[in-house]
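Enquirer: From first to last, the protein sequence lines stand for chains A and B.
Counted the way numbering that gives the first Met the number 0 counts, the first sequence spans residues 0 to 490.
Counted the way numbering that gives the first Met the number 0 counts, the second sequence spans residues 0 to 94.
Since the hints were made in silico from the structure, they are not lab data.
One should not assume that every hint holds.
Which residues of chain A face chain B? A few of them, derived with a C-beta cut under 10 Å, are [as the list claims (entries may be wrong)]:
1) THR20
2) ASN344
3) TYR421
Computed from the model, here is a short list of chain A residues facing chain B with C-beta under 7 Å [unchecked claim]:
4) LEU146
5) PHE242
6) ARG381
7) GLU415
8) PRO417
9) LEU422
FRET-style restraints, in silico, Cβ to Cβ [stated by the list, open to error]:
10) A:TYR370 x B:GLN68: 36 to 46 Å
11) A:GLY448 x B:GLU32: 45 to 55 Å
12) B:SER3 x A:SER68: 58 to 68 Å
13) B:ASP46 x A:GLU348: 42 to 52 Å
14) B:LYS82 x A:GLU48: 45 to 55 Å
15) B:LYS72 x A:TYR370: 46 to 56 Å
16) B:ALA1 x A:PRO352: 27 to 37 Å
17) B:ALA79 x A:GLU47: 27 to 37 Å
Small disclaimer: the values here were computed from a predicted structure and weren't measured.
Glycine included, every Cβ here is placed at the ideal spot set by N, Cα and C.
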Amino acid sequence: MELYEFTAHELMDKLASGEVTSEEVTKSYFDRIKEKDGIVKAYVSTLEESALEKARKVDEDRKAGKPVSKYAGIPIGIKDNMCITGTRTTCSSKMLENFVAPYNATVIENLNKEDMVYLGKLNLDEFAMGSSTENSAFFPTKNPWDLDRVPGGSSGGSAAAVAADLAPWTLGSDTGGSIRQPASLCGVVGFKPTYGLVSRYGLVAFASSLDQIGPLTKDVTDSALLLNLLVGHDEKDSTSMDFEKKDYTKALVNDVKGMKIGLPKEYLREGVNEEVREAVLAVAKKYEELGATIEECSFDVGKYATSVYYVIADAEASSNLGRFDGIRYGYRSEKFENLKDIYRNSRSEGFGPEVKRRIMVGTYVLSSGYYDAYYKKAQKVRTVINKAYNELFEKYDLLLTPVSPTTAFKFGEKSENPIEMYLADICTVPVNIGGLPGISVPCSLDSKGLPISFQLIGKAFDEETILKAAYTYEQNTNFRENKPTFKGGNN
Amino acid sequence: MAISKEEVIHIAKLASLNLTEEEIERYSNDMTEILEFANEINSVNTDNVGETIAANEKYNVFRKDEIKQNVDKEALLQNAPSKDDGMFRIPKVIN
């Protein structure tokens, strides 16, 4: 077995025992990146020199018997919308193509404290707007299970990198499913924590009331380990909650006896592919065998979540993206005579079509005369959806749904019709509206050999129950025996 | 309710975007379709329902209002498309 095939926790054990060095592990990933990333295209930029330098430093410290973190020297890939001081942070946009971050995101500060090693920055849909990475201004990322298909999005690079062993684990961000949907399409674990659990400082803002950073990993244990480093109040993000820190690895217990899991029937009807439905029902059966109670329930109001989402997310995006004006940072048009020209020409040339579309919709719903009918109304429906969730969580510990209504789709299949692409997120978007935690766990392959995953949704700030149930499923099944084939890609 | 080309042009102006003829046509269609989709929320009864402005009821944890130097001025200026003497440079706005 090659070093790049191990999970992060397995690599931690190997580093701690002295079986391997961080330099060997890090080199193994860069060799793998050179071998495979030419076809997968997960990375926007790689950081080989600084990574190897950091790895050698950690190895020296370990050798000298200095106290080092168990995470020290473990490589990681970062979605290219999080700032690492001195490195390019592009958001896969022409607007930020040459932007060098002058500060670290708080999550990066957290990883730095543990001396982790950055392999590089990972591709995304421009400004995290999309479900396929086809909206990247640079290139689309390919799905390692079938190179003719999308890896999902917007954290498509983060998911494909883990699936193709181009990183042991990665960070992604999730506004409407951007961690969970690509994790599902690529057959890896993706975890969106409760809104407010992880600081958003240094994550380029898309929709501030929905965005949340989280891990993409090979298994559930790694998700708990990485989450441990991400959480905590940050005074630079007033929406990050000041709770006492928890050790999420304590939730990794192989036991779901007595757990009550609701199965919202609306997500197992038309609109959801039959193979996906069958797979999720098989997961429900498995949980029953393992001692959990499964009960069909209704989440009827969830059908409005996608409409609510595209009003709120676009409104917040149009406001957040107002900062890109060609003055302080980012792309500046060469064609201008006055200040307004700079604003307009820089934005028109720097943003791609989907970003402009969302700015337009967001500006419309916030504009005079439409604010009440769209934005205010959407915020009220958000309250209705939250209430429905609260009622369900009075009865259930978790909800079980598909992550994506289909397995990975082909390039170009949905990119011509925005609504069709938006519907790729019907199962994940409601979770962001509720600010709840949700995990994507791979469970089987469809008839085309593409991964299918299930989603567990938990109560706000109850990441532990999700981790416990996901871990139990994983311990009693064997999805990880399947490996991506890298088939296709010849046209 | 269709979004007219005139409305698209008006919104583009508010959003500081220049759109080509082709884009105006495209966004007029797309916005009509997206807003029609968004309009589904109007079938939900929200009488006496308040707005949710963030995911959690407790949504702001404030820090003390103290001046701190977080990022170095030079580091912040390094990304400026045009700068002069420690300042961002823009075209003349007063004649």
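Enquirer: Are the hints correct? Go through all of them and say.
Expert: How the hints compare with the structure:
1. THR20: 33 Å, violated
2. ASN344: 7 Å, holds
3. TYR421: 8 Å, holds
4. LEU146: With a minimum Cβ separation of about 29 Å from chain B (threshold 7 Å), the hint on LEU146 of chain A is violated.
5. PHE242: Given a least distance of 10 Å, the restraint on PHE242 of chain A is violated.
6. ARG381: Holds: closest Cβ of chain B sits about 4 Å from ARG381 of chain A, inside 7 Å.
7. GLU415: Hint on GLU415 of chain A: violated, closest Cβ of chain B at ~11 Å, above 7 Å.
8. PRO417: Because about 6 Å separates PRO417 of chain A from the closest Cβ in chain B, which is inside the 7 Å limit, the hint holds.
9. LEU422: With a closest approach of 9 Å, the LEU422 of chain A hint is violated.
10. A:TYR370 x B:GLN68: 36 to 46 Å: Hint holds: Cβ distance 38 Å, inside 36 to 46 Å.
11. A:GLY448 x B:GLU32: 45 to 55 Å: 34 Å, violated
12. B:SER3 x A:SER68: 58 to 68 Å: Taking Cβ atoms as reference, SER3 of chain B and SER68 of chain A lie about 59 Å apart, which means the hint holds.
13. B:ASP46 x A:GLU348: 42 to 52 Å: With Cβ atoms ~46 Å apart, the hint holds.
14. B:LYS82 x A:GLU48: 45 to 55 Å: 28 Å, violated
15. B:LYS72 x A:TYR370: 46 to 56 Å: 38 Å, violated
16. B:ALA1 x A:PRO352: 27 to 37 Å: 20 Å, violated
17. B:ALA79 x A:GLU47: 27 to 37 Å: 29 Å, holds
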